[in-house]
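**Student:** The residues making up each chain are set out below.
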Amino acid sequence: MRHSQYLLIFLWTFVLLCILSISLSFYANPYGVRVSQEKHDIYNYFGGTRTAKAIHIQEGSYDAFILGSSRSEIGIDPTHDLWGELNAYNASLAGSNFIETYKVFQTITRQKRPKLIVLALDYSLFSDARSTSGDFNLSRFDDSNSSLSSFFKEHLSKDSIEKSFRALKYSIKGLPPKHYQGQKNGSLTFTKVINEDGQHRLVFNTIFKKVITNSEAYPQSGFSRSRISLLRELVKYCSDQKIQLIIFISPVHALQLMTFKQIGIWENFLSWKKELSNISDTYPETPIYDFTDFSVFISEEVPSNSSDTSMQWFWETSHYKSTLGNLILNRILTLDGGDLSTPFGSKLNQENIHSELTKQRLNLDLYEQKHEALLNHVKALIKESK
Amino acid sequence: MLFNSYEFIFAFLPVSVLIFILCQCSGNRRLTSSWLVFCSLFFYAWWNSSYLPLILLSIFINFNLARSMRLLNKMKRLRSSKLVLIAGISLNLLLLGYFKYADFFIGNMRFIVNIEHTSLNIILPLAISFFTFQQITYLVDTYKKQVQPHGLLDYMLFVTFFPQLIAGPIVHHKEMMPQFSSPLFLTPNTLNICKGLSIFSLGLFKKVIIADHFALLANPVFDQAVISPLPNAVVAWTGAISYTLQLYFDFSGYSDMAIGLALIFGITLPFNFNSPYKAASIIEFWRRWHMTLSRFLKEYIYIPLGGNRKGYFRRLINVVITMLLGGLWHGAGWTYVLWGLMHGFYLVINHLWRSLIPPTPYFLRRVSSFLGQALTFIAIIFAWVVFRSENLQAASNIITHMIKVSPDQFTQPLQNAPSLLAGLLLIWLAPNSNEIFSKKRVPRPLNTNFQWLPNLSSAILFSLLSFTAILYLARAQEFLYFQF
Chain A
1 MRHSQYLLIF
11 LWTFVLLCIL
21 SISLSFYANP
31 YGVRVSQEKH
41 DIYNYFGGTR
51 TAKAIHIQEG
61 SYDAFILGSS
71 RSEIGIDPTH
81 DLWGELNAYN
91 ASLAGSNFIE
101 TYKVFQTITR
111 QKRPKLIVLA
121 LDYSLFSDAR
131 STSGDFNLSR
141 FDDSNSSLSS
151 FFKEHLSKDS
161 IEKSFRALKY
171 SIKGLPPKHY
181 QGQKNGSLTF
191 TKVINEDGQH
201 RLVFNTIFKK
211 VITNSEAYPQ
221 SGFSRSRISL
231 LRELVKYCSD
241 QKIQLIIFIS
251 PVHALQLMTF
261 KQIGIWENFL
271 SWKKELSNIS
281 DTYPETPIYD
291 FTDFSVFISE
301 EVPSNSSDTS
311 MQWFWETSHY
321 KSTLGNLILN
331 RILTLDGGDL
341 STPFGSKLNQ
351 ENIHSELTKQ
361 RLNLDLYEQK
371 HEALLNHVKA
381 LIKESK
Chain B
1 MLFNSYEFIF
11 AFLPVSVLIF
21 ILCQCSGNRR
31 LTSSWLVFCS
41 LFFYAWWNSS
51 YLPLILLSIF
61 INFNLARSMR
71 LLNKMKRLRS
81 SKLVLIAGIS
91 LNLLLLGYFK
101 YADFFIGNMR
111 FIVNIEHTSL
121 NIILPLAISF
131 FTFQQITYLV
141 DTYKKQVQPH
151 GLLDYMLFVT
161 FFPQLIAGPI
171 VHHKEMMPQF
181 SSPLFLTPNT
191 LNICKGLSIF
201 SLGLFKKVII
211 ADHFALLANP
221 VFDQAVISPL
231 PNAVVAWTGA
241 ISYTLQLYFD
251 FSGYSDMAIG
261 LALIFGITLP
271 FNFNSPYKAA
281 SIIEFWRRWH
291 MTLSRFLKEY
301 IYIPLGGNRK
311 GYFRRLINVV
321 ITMLLGGLWH
331 GAGWTYVLWG
341 LMHGFYLVIN
351 HLWRSLIPPT
361 PYFLRRVSSF
371 LGQALTFIAI
381 IFAWVVFRSE
391 NLQAASNIIT
401 HMIKVSPDQF
411 TQPLQNAPSL
421 LAGLLLIWLA
431 PNSNEIFSKK
441 RVPRPLNTNF
451 QWLPNLSSAI
461 LFSLLSFTAI
471 LYLARAQEFL
481 YFQF
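So the protein sequences, as listed, match chains A and B. Be aware that the first sequence starts at 1, since it is given in this note's numbering, and climbs by one per residue. Be aware that the second sequence starts at 1, since it is given in this note's numbering, and climbs by one per residue.
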């Protein structure tokens with residue numbers, strides 16, 4: 001064989017395979033991009049959440065964004081009427097840490113001029129042990145990726161091929177979208193598990209796997225000061241640029257707060273809230289709401305082992321449903337703080353932080369006394385973990 | 001810029017090769033060399049442009065020092081020439097010392113004299129160990145009148161030629177300069193391009209598919225060893241063997257890519273690995289592992305120290321000193337020092353064994369070779385654990401578990417056993433790149449079928465290797481030898 005023939009076959013085989021892979025990705029559209037402008041709010045994609053969201057933020061015409069973890073990704077509806085004229089996108093990332101949240105914020109402010117940012121905070125976002133996860137490094141959120149490398153990562157990679165085939169499978173089966181305008185479809189994620197294993201089992205599995213044995217999200221060493229500094233930078237930027245910022249602490253079920261106390265991180269959790277209230281003192285225009293205040297919603301009854309009913313406000317102790325998310329929106333997006341007949345959430349500031357924390361300590365004690373069976377179950381799980 | 005990045009493969013490489021071929025066709029040597037120098041500097045600056053002046057300054061100073069030496073040698077002023085050489089070597093070592101060892105020195109001084117001093121937090125300029133040593137050899141050989149005079153452009157190309165700039169192979173001016181002035185440098189050669197692309201593809205595959213896979217097994221073990229004791233010997237051995245495989249496939253993959261790239265530009269670089277884990281002794285291992293570094297250590301440290309000319313005992317001390325400096329060359333840390341010392345003592349034991357034990361009878365040679373290979377491999381694994389560990393405590397954590405032989409240490413089944421086994425079979429049985437791409441016969445049990453020939457199946461096979469590696473580039477990791 002002549003050398004030039006060898007070279008031609010080598011290059012043609014290579015180029016042909018590359019073209020085939022890129023074409024597959026363009027056809028299957030696994031990240032839900034390149035949809036027509038009128039339909040840009042129905043992004044329907046099947047994987048690579050971070051990759052997809054980074055593209056959507058860049059390509060969509062949004063002016064309001066929700067930032068946070070899987071809790072706000074599942075619980076906060078960006079299409080709710082309360083957003084009014086604003087075109088909102090849920091940019092929350094499941095399993096993220098605050099460094100990722102900050103990078104998402106930077107991506108947004110680099111490319112858009114947002115009018116409103118709603119920042120849903122979780123204690124676990126501030127754990128030093130929680131590293132960057134998922135496909136973050138493959139996405140455009142990671143600023144080390146150039147446009148060229150982003151193109152190839154999105155269209156010519158093992159991930160893009162896998163996700164293209166999955167997208168094709170989903171669309172052939174006619175399954176509902178996993179994400180809608182950035183919000184994760186909670187029903188698709190949890191309903192099947194609840195139906196198969198029962199709500200009670202799901203609740204305690206979550207407590208065991210996501211809290212008691214999850215030292216990455218809830219380490220004994222407390223929260224990261226450097227991540228608090230990043231939060232300060234974020235708040236300062238919004239203040240300087242006149243971007244309206246609303247911060248809230250995502251609700252978790254009271255049972256989870258009880259578990260915090262039993263595994264010894266409850267006081268760290270309260271110190272973290274105190275740090276947040278210091279920020280509100282420097283930037284009074286930025287409200288900070290706390291929805292872990294032992295309201296009737298987060299103290300919702302946990303169904304017994306024999307019951308087949310599911311909870312009204314929570315999927316399990318960690319993730320709240322859109323029904324509760326809508327109440328949160330009602331509280332933070334309306335001028336009068338929402339027309340709530342039942343108290344839900346409190347605004348934290350320097351003046352009330354001590355009384356709020358004292359109240360929460362007291363409420364947790366009361367909750368423990370009232371729910372002795374749950375407390376014993378949690379203690380048994382902690383013992384089992386050791 | 002990394003060889004295993006999209007920017008390099010889809011933009012930098014095609015553009016640089018196409019324009020290089022056009023320059024070759026023009027028949028203008030200056031233009032062709034200038035283009036390669038420009039590409040190399042662009043390639044270097046992509047990482048951090050602020051260090052570009054540093055490498056340029058180093059090149060200009062060393063070139064002019066060499067020129068001065070040549071003049072002084074001509075005027076028979078050997079004393080002055082030696083002074084220039086000493087100044088040149090000192091300058092290079094000072095530069096390397098500041099960027100690579102200053103923080104290490106400060107940290108240790110702080111520990112010894114217990115004074116408060118903040119570290120300098122110096123960012124190590126990419127490839128500084130490689131281009132500094134390359135230039136020291138040039139100065140030494142100029143002093144010895146072993147260098148033919150040539151222009152600045154050729155010298156710049158010798159130092160910066162991008163395929164070897166970042167992590168070797170460490171080239172010698174004697175093997176590079178004649179190639180730049182050869183008529184073949186100006187002749188487009190399709191065979192070189194075919195062969196170069198195929199070697200590059202094999203290297204890319206070794207790095208992205210094999211080495212990065214073993215990195216996923218090794219990293220968690222070494223990370224865990226820093227914070228807590230490992231659970232058992234199985235975990236410790238998995239981490240140690242995985243790293244042993246990762247380092248070989250990573251660095252030999254990188255070397256293959258460098259050799260392949262250079263060949264595309266018509267330049268032949270020396271092979272750097274010759275199946276080192278097949279070595280039946282530590283002496284043999286160092287003739288097969290990072291061969292261009294071994295050559296440098298031998299010619300520019302071991303022999304000037306006296307080599308084997310000053311008696312047996314002094315020879316052994318020279319071996320230990322050379323390996324200790326070899327360890328320090330890899331990095332400023334006690335783990336590297338200990339790794340160098342370990343290899344120094346391994347070599348001493350090997351030399352003592354050879355001189356004290358009579359040669360093995362012919363009929364026992366196969367058995368002795370097998371035992372030697374096994375023992376050498378185990379000794380190397382222990383040394384790599386020290387080399388890779390974050391600190392000495394982490395190394396001791398892993399080694400303690402590796403040498404625990406109680407049954408409770410082996411209750412956990414060996415996970416990833418198939419991939420570890422496949423990796424071991426590859427390093428012990430498969431031919432290496434040198435054997436595949438040279439005309440030498442491949443030793444049994446895998447025969448000549450593995451030799452590269454420019455035919456249809458080779459073209460498709462190596463194209464598939466490249467494509468598969470490209471698919472995994474998104475999660476590719478940096479080359480291990482970049483940090484040195």
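Calculated directly from the structure, the hints in this document are not laboratory data. These figures come from a predicted structure and were not determined experimentally. Idealized CB from N, CA, C, for every residue including glycine. Don't take each hint at face value.
[What the hints assert, rightly or not] Ranges of calculated distance between the beta carbons of each label pair, as one might list FRET restraints:
#, chain 1, residue 1, chain 2, residue 2, range
1, B, Asn232, A, Thr189, 35 to 45 Å
2, B, Asn232, A, Gln5, 48 to 58 Å
3, A, Asn195, B, Asp223, 36 to 46 Å
4, B, Asn232, A, Asp308, 40 to 50 Å
5, A, Leu168, B, Ala417, 26 to 36 Å
[Stated by the list, open to error] Chain B side only, calculated, beta carbon under 7 Å to chain A, not exhaustive:
#, residue
6, Leu2
7, Phe99
8, Cys194
9, Phe271
10, Asn274
11, Ala459
12, Ser463
13, Phe467
**Student:** Against each hint, give a clear statement of whether it holds in the structure.
**Tutor:** Hint-by-hint comparison with the structure:
no., hint, verdict
1, B:Asn232 - A:Thr189: 35 to 45 Å, "36 Å, holds"
2, B:Asn232 - A:Gln5: 48 to 58 Å, "55 Å, holds"
3, A:Asn195 - B:Asp223: 36 to 46 Å, "39 Å, holds"
4, B:Asn232 - A:Asp308: 40 to 50 Å, "43 Å, holds"
5, A:Leu168 - B:Ala417: 26 to 36 Å, "35 Å, holds"
6, Leu2, "11 Å, violated"
7, Phe99, "23 Å, violated"
8, Cys194, "5 Å, holds"
9, Phe271, "22 Å, violated"
10, Asn274, "26 Å, violated"
11, Ala459, "4 Å, holds"
12, Ser463, "4 Å, holds"
13, Phe467, "5 Å, holds"
Violated hints for the displayed structure, listed by number in ascending order: 6, 7, 9, 10.
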